[in-house]
Amino acid sequence: MTQFRARLAANKAVGEYRHLVFITSAELPPVRPGHFAAVAVGGPDSAMLLRRAFSIHRVQTKATVGTTIELVVAPKGPGTKWLTSQPEGAVVDMIAPLGKPFTLPKAPVACVIVAGGYGAAPMIGLAEQLRSRGCRVDVVLGASTEGRLYGVLDLKRIADSISITTDDGSLGTQGYVSDVLPDVMRRADTGVVYACGPMGMLQAVSTIAAQTGAIAQCAVEESMACGVGVCMTCVLPVVGDDGLTRMVRSCTDGPVFRGDRVRWSEVGTVPSDCVGAPKPEGH
Amino acid sequence: MTATSALQPDLSTSLGRLALDAPVLTASGCAAAGRELDGYFDITKIGAIVTKSIMLEARSGRATPRMAETPSGMINSIGLQGPGIESFIEHDLSWLRKRGAKAIVSIAGNNVLEFGRLARRLRGVEGVAAIEINISCPNVANRGLVFACNLGSAQEVVAEVRRHAAPEVPLLAKLSPDVTDIVEIARGVVDAGADGLSMINTLLGMVIDPVTLRPKLGGRTGGLSGPAIRPVAVRAVYQVHAAMPQVPILGMGGIRSGRDALEFLAAGASAVSVGTAIFNDPSAPMRIQNELADELRSRGFERLRDVIGIAHRSIEE
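Note that the protein sequences, when read in sequence, are chains A and B.
In terms of this note's numbering, the first sequence opens at residue 1 and continues consecutively.
In terms of this note's numbering, the second sequence opens at residue 1 and continues consecutively.
Source of the hints: derived by calculation from the structure; they are not laboratory data.
Predicted model, so just to flag it, every value in this text is computed and none were measured.
Hints are not guaranteed to be accurate.
To be verified - Derived coverage of chain B by chain A (criterion: at least 3 residues anywhere in the stretch with Cβ under 8 Å from a Cβ of chain A; other residues may be distant):
1) 53–64
2) 259–267
3) 274–287
As the list claims (entries may be wrong) - Residues from chain B that keep clear of chain A, each with C-beta distances beyond 12 Å, as calculated:
4) 7
5) 44
6) 91
7) 217
8) 302
9) 313
Just so you know, even glycine gets a beta-carbon here, dropped at the ideal spot from N, CA and C.
Using the sequences and the accompanying hints, generate a full structural model.
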């Protein structure tokens with residue numbers, strides 16, 4: 001990873017999100033789908049100390065311009081509202097690439113990409129890479145409403161098929177991605193599911209994948225204070241190769257985890273059989 | 001600019017018997033064991049890495065959410081997640097030693113005896129520049145277990161660690177600001193065998209989630225840190241230094257810039273730790289150390305030692 005200053009070159013509305021393009025002259029290590037960036041918000045004397053983490057949408061390096069880093073940001077809290085209201089030319093402190101990205105299959109295999117809302121941002125580059133490896137790519141996008149879908153046109157262009165669900169039925173099938181996913185997987189004989197979105201969606205996707213014997217790779221969105229592995233706030237219960245559950249950091253051990261390794265229903269708790277779990281008499 | 005003012009000030013300092021080439025350290029719990037930060041700055045160039053408090057056994061920590069952002073700060077309830085002392089010595093401490101970084105090992109026990117066992121385990125282990133005794137972590141199941149809030153308990157822990165630790169290893173007792181009279185606690189732990197004091201740990205706090213109207217953190221209460229608590233920390237350092245000017249203090253609490261570090265030195269700290277600012281800027285310890293050098297130089301100080309405790313002297317001196 002590299003810590004660098006980046007200049008905001010474009011800031012455009014896409015549905016209910018903002019598509020931000022940053023430019024830096026810093027040299028970045030290779031960026032792969034699933035990597036994320038941690039951005040300091042509010043300026044150098046900001047009262048908001050914690051970095052905001054965003055899955056990287058796209059990175060391109062051009063000899064004349066430098067490196068562009070694209071993020072898709074939902075203005076939700078004070079930090080994201082500050083970031084998305086910055087004018088072109090504003091400079092931010094950024095760290096990227098962070099985390100463990102998606103693992104790509106070695107052989108051509110049928111893949112499904114499932115994304116909730118702006119979770120689609122890193123999936124466009126992923127879809128391109130899967131296609132270039134000869135994989136079949138089906139896409140399932142979901143959001144609460146049409147304005148919160150992202151990347152529909154891009155993914156339509158790349159994918160073999162695309163299915164859309166919205167909670168309110170404003171576009172595509174009314175319902176959740178989990179309502180249409182089993183059919184898509186059956187038709188395509190899917191071997192790997194790539195997912196990015198809220199925890200509930202990732203849990204549903206992992207359950208469906210397990211039922212069909214497909215591998216699920218899930219990029220989690222857990223709140224982080226530092227993004228670089230030192231604060232220990234972004235933990236979730238994950239089963240390791242030794243079969244033991246540990247509270248692991250989603251910033252450095254993730255954000256991409258195998259769906260069958262995360263104890264989804266116990267996220268937000270410390271399972272009693274977790275390594276070092278509190279004893280009945282208290283921690 | 002004169003030749004003198006262009007010189008790098010002498011930043012060397014000491015915490016009692018512990019000599020430090022540089023005055024900025026990391027604060028326990030904000031730098032893990034240094035490895036993650038080494039990619040952002042050369043961790044051998046700062047004073048020392050104070051490692052995250054280690055316990056005897058592996059510990060999962062508390063349920064999430066473990067943190068919330070607060071104005072100019074944050075509140076956390078990590079709950080001392082860690083791998084346990086054996087894994088720490090084998091993987092973390094050995095890495096720091098090979099890397100050539102000075103390590104101050106923070107220890108935390110569930111009870112007095114565990115503190116003693118941790119100190120004993122560290123005897124003869126290479127690469128322990130000092131031990132910081134974390135008697136003030138607010139993230140324990142029972143608030144009554146914050147040893148540093150009770151004079152007797154604080155003294156008992158420090159005496160037990162002194163009894164079991166290698167005699168040549170300096171001991172720093174980390175104090176909580178959540179007490180009526182911090183000078184009384186400071187005096188007590190020094191009497192019990194602490195060579196120096198780390199001040200301050202987080203303040204106990206709470207955030208209510210505006211949606212659920214319930215405590216936001218999994219641990220309900222948590223430790224407040226960051227620039228929001230800096231004046232509390234500076235006051236604590238000032239009071240203790242006034243009462244015991246001979247006792248070395250590692251000052252911490254919301255340091256974000258070289259100027260902030262200078263405040264602590266002036267109040268009486270001999271060195272400083274950078275904590276929450278690391279989450280905002282992983283390069284912060286190195287940046288702050290460089291800024292501190294500039295702050296000293298711009299005021300005409302040639303040696304960092306000359307500014308320690310200066311706030312206690314009248315302006316005419």
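Structure-based check of all given hints:
no., hint, result
1, 53–64, "holds (count 8)"
2, 259–267, "violated (count 0)"
3, 274–287, "holds (count 8)"
4, 7, "holds, 28 Å"
5, 44, "holds, 17 Å"
6, 91, "holds, 14 Å"
7, 217, "violated, 10 Å"
8, 302, "holds, 29 Å"
9, 313, "holds, 30 Å"
Hints 2, 7 from the earlier list are contradicted by this structure; the remaining hints agree with it.
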